[in-house]
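Protein sequences, first through last, are from chains Y and F. Residue 189 in the numbering used here sits at position 189 of the first sequence, with consecutive numbering throughout. Residue 84 in the numbering used here sits at position 84 of the second sequence, with consecutive numbering throughout.
Because the hints were derived from the structure by calculation, they are not lab data. Some clues are possibly wrong.
[Claimed, not checked] Calculated cross-link-like contacts (lysine-lysine; reagent style PhoX-like; alpha-carbon spacing at most 25 angstroms): (1) Lys189(Y) / Lys49(Y); (2) Lys139(Y) / Lys216(Y); (3) Lys2(F) / Lys189(Y); (4) Lys2(F) / Lys49(Y); (5) Lys75(Y) / Lys139(Y); (6) Lys123(Y) / Lys139(Y).
Predicted model, so just to flag it, every value in this text is computed and none were measured.
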Amino acid sequence: MALQRMFHEPEQLEDGYEVVIIGAGGHGLAAAHYLARDYGIRDIAVVDKGYIGGGNTGRNTAIVRSNYLTVEGVKFYDESVRLFSELSQDLDFNLFYSERGHFTLAHTDGTLRTMRWRAEVNKHLGVDSEILTPEEIAKICPSLDLTCGGHMPVLGALYHPPGAVVRHDAVAWGYAREACRMGVEIHQKTPVLGIRVNDHNEVEGVETSRGFIACKRVLSAVAGYTPRITRMVGLRTPIVVHPLQACVTEPLKPWLDSIVVSANFHVYVSQSSRGELVMGASLDPYELHSERSTLDFVEGLTGHVLDIFPFLSNVAIIRQWAGMSDMTPDFSPIMGTTPVKGFYLDAGWGTWGFKATPVCGTTMAHTVATDQNHELISAFNLCRFASYSLVGEKGAASVGH
Amino acid sequence: MKLLCCPINGVRPLQEFAFGGEVRPMPDAASVSDEAWSDYVFNRAGEPGVRREWWYHIASGTWFIAERDTLKDEFYRTYLYGENQDDRPAHHEGGQT
């Protein structure tokens, strides 16, 4: 008896498709899903060098929030939070979407000032976000040591009640299943070797390990592999790749409802529904195209986590991993049309990509279907650098500001 | 422990160093086109490969150049600026062609 599978695994790669999406992560699969559902474009191949959700979709710390700093960023990520909150129903698949409340702790006056700024921008745009005093933090999150052992005590926090965690693999699986149902083909273990562009700078097709696919539209949604793909079409970008690491502890009894982030210590902690503490820190300090883990990371991270939660000193780290972050100079993504006709970018996702998964799907589907940048992403186009119109996003995680 | 050879102080643990980004010869600001200048300001050779990079030995304040494979994370050699003919601005590899 044949097993009931979540996704089809088509054996045959067709000679051509209407759209080819490179990258079967959350972003690529979400774009495929919305292209099929909202624009009736179902002749789509999603190709991936590895497997569904095997890149940064499965390597992030699964946090969703919209308390950013720039108007462009807040509007964009808030639409993502809205889509995420309805996504389990939309995909008929339980994503374990869990609203926790998100604290960003400030330990210096300068950081608190940026948080006040963020809170005002957020409130102006209708996002639930406010500054809390240490006393108010203690009421909601009593396990936190506000003195941090006397070293950089907590002065306040930016509190964002809609902050949530989601089962990140399930997001990719849910989108993949729905896209497959509508006729999208997902070809795993199919690396892209080249992209054919004609003399008029228009996309003609994609060379893969399993042969050439003719297509006029290609969407690249490959995060840390973006520079390798943009090179194939002769585009230069500001993207540099740094590893971003994370780890989990052994499972503990549930004690931490909230998502706790320290802007100054560069750590973030939440407790998964399995009881593990999911923890991350800042980017690795130098460029590297690798998903290796380091002891430096765990030592640095745990030292700071113990400043905030000293009672965790005997808890064991059981697993650590890394993803490749495609960083941009202004901490905003690079999305939409490019100088190559038919080549669309969903890139520059640095440390902020997972939380944008659904809104990347809807906006990139619009952009690919109409060849016009969706209004939510027009500020994020690659052309912003040549005109010095950067979108400085100091609300991004895991980076020093 | 990962090690790096400072041209002045010899082999030291990597934790003593800071990364300064790829070596990018600056075009002549007075004569360069707007397009080439913004390319110099923002764009980088982001794909993996052997690169010449600025590194800094924090303890002694020494800036130097390292040749490193950004895929394998292997250092091939290190030297002070000016010790290699590739340092000369004429050898401009970063610009848009």
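Hint check results:
Annotation: proposed proximity of Lys189(Y) to Lys49(Y) holds, straight-line Cα distance about 5 angstroms (limit 25 angstroms). A threshold of 25 angstroms between alpha carbons decides the hint, and for Lys139(Y) with Lys216(Y) the separation of about 56 angstroms lies outside it, so the pair is violated. Note on Lys2(F) and Lys189(Y): the hinted pairing is violated, with a Cα-Cα distance of about 33 angstroms set against a maximum of 25 angstroms. In summary, the hint linking Lys2(F) to Lys49(Y) is not supported, as the alpha carbons are separated by about 30 angstroms, beyond the 25 angstroms threshold.
The hinted pair formed by Lys75(Y) and Lys139(Y) fails the criterion: a straight-line CA distance of about 30 angstroms is larger than 25 angstroms. The straight-line distance between the Cα atoms of Lys123(Y) and Lys139(Y) is roughly 22 angstroms, inside the 25 angstroms bound, and the hint therefore holds.
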